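Make a model of the complete structure from these sequences and hints.
Chains as they are written, first to last, in the working numbering: chain A, 1 to 181; chain B, 1001 to 1455.
Since the hints were made in silico from the structure, they are not lab data. Since this is a predicted model, take the numbers as computed values, not measurements. Ideal Cβ positions, reconstructed from N, Cα and C, are used throughout, including at glycine. Take the hints with a grain of salt, since some may be wrong.
Capping the alpha-carbon separation at 25 Å, the derived lysine to aspartate or glutamate pairs in DMTMM-like fashion look like this [what the hints assert, rightly or not]: (1) Lys1423(B) to Glu1395(B); (2) Lys1055(B) to Glu62(A); (3) Lys55(A) to Asp1058(B); (4) Lys77(A) to Glu66(A); (5) Lys146(A) to Asp168(A); (6) Lys1055(B) to Glu58(A); (7) Lys1055(B) to Glu60(A); (8) Lys1350(B) to Asp78(A); (9) Lys1350(B) to Glu60(A); (10) Lys164(A) to Asp43(A); (11) Lys1150(B) to Asp69(A); (12) Lys164(A) to Glu1348(B); (13) Lys55(A) to Asp1097(B); (14) Lys1055(B) to Asp69(A); (15) Lys164(A) to Asp1097(B); (16) Lys1118(B) to Glu1066(B); (17) Lys77(A) to Glu1348(B); (18) Lys77(A) to Asp1351(B); (19) Lys77(A) to Asp1225(B); (20) Lys1350(B) to Asp42(A); (21) Lys55(A) to Glu1066(B); (22) Lys55(A) to Asp1074(B); (23) Lys159(A) to Asp38(A); (24) Lys1092(B) to Glu62(A); (25) Lys126(A) to Glu26(A); (26) Lys1350(B) to Asp43(A); (27) Lys55(A) to Asp1077(B); (28) Lys55(A) to Glu1334(B); (29) Lys164(A) to Asp1351(B); (30) Lys1118(B) to Asp1077(B); (31) Lys55(A) to Glu1142(B); (32) Lys126(A) to Glu81(A); (33) Lys159(A) to Glu34(A); (34) Lys1350(B) to Glu75(A); (35) Lys1092(B) to Glu1066(B); (36) Lys1150(B) to Glu1170(B); (37) Lys55(A) to Glu1067(B).
Example chain A residues on the side facing chain B (calculated, C-beta under 7 Å, incomplete) [to be verified]: (38) Asn53; (39) Phe73; (40) Thr89.
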Amino acid sequence: MADQREAMAQLFLERDVENFLYHEAELLDERRYEEWLDLLADDVRYWMPMRRNVKLGELEREFTREGQDVNWFDEGKDTLERRVQQILTGVHWAEEPLSRICHMISNVQLLAVTPSVLEPADVTVKSRFLIYRNRVETETDILVGKREDGLRRVDGHWKISRRKVVLDQSVLLSKNLTFFF
Amino acid sequence: MAIAGKRRYTGGLVDVAAGQISREIFVSDEIYAEELERVFTRAWLFVGHESQIPKPGDYFVSGMGEESVILCRDREDRVHVFLNSCRHRGMKVCRYDEGNTPVFTCPYHGWSYATDGKLVGVPYFREAYHSKLDRSQFGLVEVAQLEIYKGTVWATWDPSAPSFLEYLGEFRRYLDLALDAWDGREGGTEVLGGVQKWLIPCNWKFPAENFSGDSYHNISHRSVDLVGIGPSGSGRRDMRERLIGRRLQICFPDRGHQTGAYVLPNEEPTPPAYQHSPVVSEYFRRCEEQRRERLGAWGRVTGAPGELFPNTALHPRQPRSIAVWHPRGAHRTEVWRWYLVDADAPPEVKDFLRQYYIRYSGPAGLTEQDDMENWNYAHAASRGTIARRHPYSYEQGLGFEVENYEWEGLRIPGTVMDVTDSKSSEHNLRNFYRRWAQFMDANSWDELATWRRRP
Ligand code: FES
Ligand SMILES: [Fe+2]
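And the structure:
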């Protein structure tokens, strides 16, 4: 019986987390940036390493290190808020006119739940993303990779406390990263 | 040498005297092919930093022009730069970005090269080659000249090019602003781990001219200035020296290098920057003080963006970095950006700078993003048949350059434009293209080393 209760709770939690991630993507794609910021914990860490081509056996050097190396992103909420404010100035030429962006989120997997699926307070969730960006006339970028998020339960809602973005590119094929992953 | 008359570029497509430059030099595939040969095989190019290859066998794969090169340290501790292409059938011998290796073994047929470039392994040497192949003739192709300057590694394919220091000329003092420690000690900088690499859809000369001293494009950065990412919380930088000093644009006509700079008044201490945390602000306060003591009057000069001809950009102060604009066809540029910090700065200072650097520069940098949008669409809108008929205007400040510029007892090397009052000038940009045109027209370094012919 207890097993079944736990299995149900697990299913419910998975759906709940998926829904949260879809909702988040919706806010971004609908350009509701300020509402999106509300989904981030105040102490959020947002990290996107760069990647190197290295030998088998030296794969620990594949990624630049959080908090130590130069990364594509390695920041907290303050900088993320400034990114949103910058877009909303209306003179941030790299996003003016605004890009058309679509986040496809899939392969959602719960990697860890604490303290338990019955009372989840923190979860680690991994997913895949495919971000399509089209802007001005024909300019188009497609970015594909993985995310690993820490979600935290705060007042009955999920907040993103940590996001690691692993882009499957070495030389970045896009001229800029003016959008959110 | 006075370049008289019209050659194809000097006085032709690049008419510096009139301040007009044809769009063809940015968008023509044919001119692009010519500049790979005439500019990129003859100039000195930035390859990397010694701190990236500290131990024998360490290598870092870099680029010169369109081509991949290997920067490595051999077993005798000597630094080399090789073309990353096998002598047998051209396979890229190293497809990793960095690492450590005793030999580079070609994945195609297995020729292997030692880290000093010598061909040391040839499969079936006795059987297939009957031991006749002269292996000493088939080492990796090495650059003609290499120079390590305060940790930075530079190379050229041209044996007749002047030495790197001669190529630099007096611009050396401005390069030092990026490479010396903040307190003025020689050298003393290292690169942070991770070289940013990304593609921009524009000709490489758009970013090169921007860093040469486009002091006119502040409006590009209005959004970041409104939002504020400067270390003290406002604007995009943290340089109060702007408010009290002279703002200069400095160039070297015979070399093609140029930079911005600020000169502080005599007796005036360098204003405090980086009031972000006690450790960080104290570090910079102490460094500025020691710098002024160590360098005397020259300590009044602080750096601003510059360009070492042809494709190395310097950001000597905020955020301190070196960028290379690798050409990737007439219509595309691959940027590589290295970030520098004082090697012996406290960890808190390095970490603070690292975070500031990446929110300022690079594809995710709130400042650089808007530059790239402008370069992208300036290039795209210049490709049309009609567009190409209309040259760009580079007329700001024509005829107002000053030789032997001096302010409050400090003479500034180079041809100087004081833009404190005029706000902006395009004389550094004209300087960049004047040199570019000379490279395109000249048939040899004898023609290019004009300074050697002075009486
Ligand atoms: S191409 Fe390298 S061994 Fe043949
Ligand atoms: Fe800029």
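field: Violated hints - listed by number, lowest first
entry: none
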